[in-house]
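Chains as they are written, first to last, in numbering that gives the first Met the number 0: chain P, 0 to 239; chain H, 0 to 226.
Hints listed in this document are in silico derivations from the structure and should not be mistaken for laboratory results. Bear in mind the structure is a predicted one, so any value in this text is a computation, not a measurement. Backbone N, C-alpha and C define an ideal beta-carbon position, used for all residues, glycine too. Please note that a few of the clues may not be correct.
With a straight-line cut-off of 25 Å between C-alpha atoms, the simulated DSS-like cross-links for lysine-lysine are [stated by the list, open to error]:
{"id": "1", "chain 1": "P", "residue 1": "K113", "chain 2": "H", "residue 2": "K58"}
{"id": "2", "chain 1": "H", "residue 1": "K221", "chain 2": "P", "residue 2": "K129"}
{"id": "3", "chain 1": "P", "residue 1": "K12", "chain 2": "H", "residue 2": "K124"}
{"id": "4", "chain 1": "H", "residue 1": "K124", "chain 2": "P", "residue 2": "K54"}
{"id": "5", "chain 1": "H", "residue 1": "K139", "chain 2": "P", "residue 2": "K155"}
{"id": "6", "chain 1": "P", "residue 1": "K103", "chain 2": "H", "residue 2": "K124"}
{"id": "7", "chain 1": "P", "residue 1": "K51", "chain 2": "H", "residue 2": "K58"}
{"id": "8", "chain 1": "H", "residue 1": "K139", "chain 2": "P", "residue 2": "K115"}
{"id": "9", "chain 1": "P", "residue 1": "K73", "chain 2": "H", "residue 2": "K221"}
Cβ pair distances, simulated, as ranges [stated by the list, open to error]:
{"id": "10", "chain 1": "H", "residue 1": "I35", "chain 2": "P", "residue 2": "Q135", "range": "33 to 41 Å"}
{"id": "11", "chain 1": "P", "residue 1": "E233", "chain 2": "H", "residue 2": "E219", "range": "13 to 21 Å"}
{"id": "12", "chain 1": "P", "residue 1": "K155", "chain 2": "H", "residue 2": "I28", "range": "57 to 65 Å"}
{"id": "13", "chain 1": "P", "residue 1": "K180", "chain 2": "H", "residue 2": "N53", "range": "53 to 61 Å"}
{"id": "14", "chain 1": "P", "residue 1": "K51", "chain 2": "H", "residue 2": "L205", "range": "29 to 37 Å"}
{"id": "15", "chain 1": "H", "residue 1": "S136", "chain 2": "P", "residue 2": "S134", "range": "23 to 31 Å"}
{"id": "16", "chain 1": "H", "residue 1": "Y193", "chain 2": "P", "residue 2": "Q135", "range": "53 to 61 Å"}
{"id": "17", "chain 1": "H", "residue 1": "K213", "chain 2": "P", "residue 2": "D63", "range": "51 to 59 Å"}
{"id": "18", "chain 1": "H", "residue 1": "S136", "chain 2": "P", "residue 2": "K114", "range": "24 to 32 Å"}
{"id": "19", "chain 1": "P", "residue 1": "D167", "chain 2": "H", "residue 2": "M62", "range": "55 to 63 Å"}
{"id": "20", "chain 1": "P", "residue 1": "K114", "chain 2": "H", "residue 2": "I28", "range": "22 to 30 Å"}
{"id": "21", "chain 1": "H", "residue 1": "V39", "chain 2": "P", "residue 2": "K180", "range": "48 to 56 Å"}
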Amino acid sequence: MLEAKNISKSFGKNLVLKNISLTVEEGERLVIIGPSGCGKSTLLRCLNYIEKPNKGKVLFEGRDLSDSRVDINKIRMKMGMVFQQFNLFPHLTVLENMILAPTKLKIMRDEEAKKKAISLLESIDLKDKKDFYPSQLSGGQKQRVAIVRAMLMDPKMMLFDEPTSALDPEMIGEVTSLMQKLGDDGMTMVVVSHEMNFVKNFATRVIFMENGTIIEEGSADQIFNHPKNDRLKEFLSKVA
Amino acid sequence: MGIWESFYNTVIYDNRYMYILEGLLNTIIIAFFAVILGIVIGVLVAIVRNYHDNSGKLKLLNMLGKIYVNVIRGTPVVLQLMIIYYVIFKSVDISIVLVGVLAFGINSGAYVAEIIRAGIESIDKGQMEAGYSLGLSYSKTMRYIILPQAIKNILPALGNEFITLLKETSVGAYIGIIELTKASDIIASRTYDYFFPLIIVALIYLIMTLGLSKLVGLMERKLGKEC
């Protein structure tokens, strides 16, 4: 479904990603772990071209994102993204946040978008907050709204950039269980996370990154219970 | 000479109030059209520069915009006015008020561009990324997400810029525009009495600038309510 081929990215002289390749198959829940600064967020952000790689290419359903004939906006509509800092639009209510993109992109009519948005909000028990502004919500509520905002676009795949890192500990559970539910429903997901207990049960495949390269890759069981690389062992002993 | 006589000589005798009216009219015309020209130029330059910063495209236009802003902000407006009148339009028969509109509009555009750019940049870049990630284009993200938030930061600074512009039109006298300040000078040169010409004109400026800042305050509150 998604393929990254030999991508490199540098910020100034700082080489953050070194020749990375990876593929994501439909229905997979791929989690990228690694110490901070290893380039995992940059890698995720390169997958939908929010960050443009300097070298290499990304293919989504066979289409090259760097090709000028490919409409990157159309591709992004099919790849939802959830951010560490939620990035809800503070000048709009919860409902307006959700229906902005589908209505302005003329995918749905106003009424249809509202109906679908409200039923999504209902599924996460936030229907009564639909006319609230983001500043009136808790961190966990904000992130769950950000997730259903992305879901309303009916994406084929979703990217999560450290979705629980900005949350108070007691709110992490509500976000991870929503992600788990999404995964159980068959959503293809690529997740950058530090929440190891969640990752263990959630991931169908795990990638360990360090210094801009992929060091080890395998199932959650292989990575967490039978790590081969010394750096991975050291990392796991620190985060466990 | 009593106060009444001095006032009479300044305003009423020989219909001298006509100078003030003419000056006021020219000041308003120059300020009004220069603000509009300034906004048009400023918005264009700000968007070119922001689009460049976001996409890396429009390199040449971005460079021109940068040069324009630096040159205008780095030289006195009086000089810009004189260069436009005495150098650029040297041998062209052109209305001097129009020269004023052009000069002050071009000058204001540079400041407006920087005000808008700063307003846009004050918005967290995650907002832009969130817009992109939902499939919105640069222009749609700007229009529906960035600008509605940035306007609250832009408006007060823009109001200040317009008030400054209105007052700065007084240097139009350098190239012989009969605007408000020049009008007071003309009257004073007839009466050899500077008190009333200067005070009256100062009051007129004050009324206009106070009115303008009221108006800006009103718009701010209206926008504040909407958001």
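Results for each hint:
no. : hint                          : verdict
1   : K113/P <-> K58/H              : 41 Å, violated
2   : K221/H <-> K129/P             : 24 Å, holds
3   : K12/P <-> K124/H              : 22 Å, holds
4   : K124/H <-> K54/P              : 24 Å, holds
5   : K139/H <-> K155/P             : 23 Å, holds
6   : K103/P <-> K124/H             : 21 Å, holds
7   : K51/P <-> K58/H               : 18 Å, holds
8   : K139/H <-> K115/P             : 22 Å, holds
9   : K73/P <-> K221/H              : 36 Å, violated
10  : I35/H <-> Q135/P: 33 to 41 Å  : 39 Å, holds
11  : E233/P <-> E219/H: 13 to 21 Å : 55 Å, violated
12  : K155/P <-> I28/H: 57 to 65 Å  : 58 Å, holds
13  : K180/P <-> N53/H: 53 to 61 Å  : 35 Å, violated
14  : K51/P <-> L205/H: 29 to 37 Å  : 53 Å, violated
15  : S136/H <-> S134/P: 23 to 31 Å : 27 Å, holds
16  : Y193/H <-> Q135/P: 53 to 61 Å : 60 Å, holds
17  : K213/H <-> D63/P: 51 to 59 Å  : 56 Å, holds
18  : S136/H <-> K114/P: 24 to 32 Å : 26 Å, holds
19  : D167/P <-> M62/H: 55 to 63 Å  : 47 Å, violated
20  : K114/P <-> I28/H: 22 to 30 Å  : 53 Å, violated
21  : V39/H <-> K180/P: 48 to 56 Å  : 51 Å, holds
In summary, the structure is inconsistent with hints 1, 9, 11, 13, 14, 19, 20 from the numbered list given earlier, while agreeing with the others.
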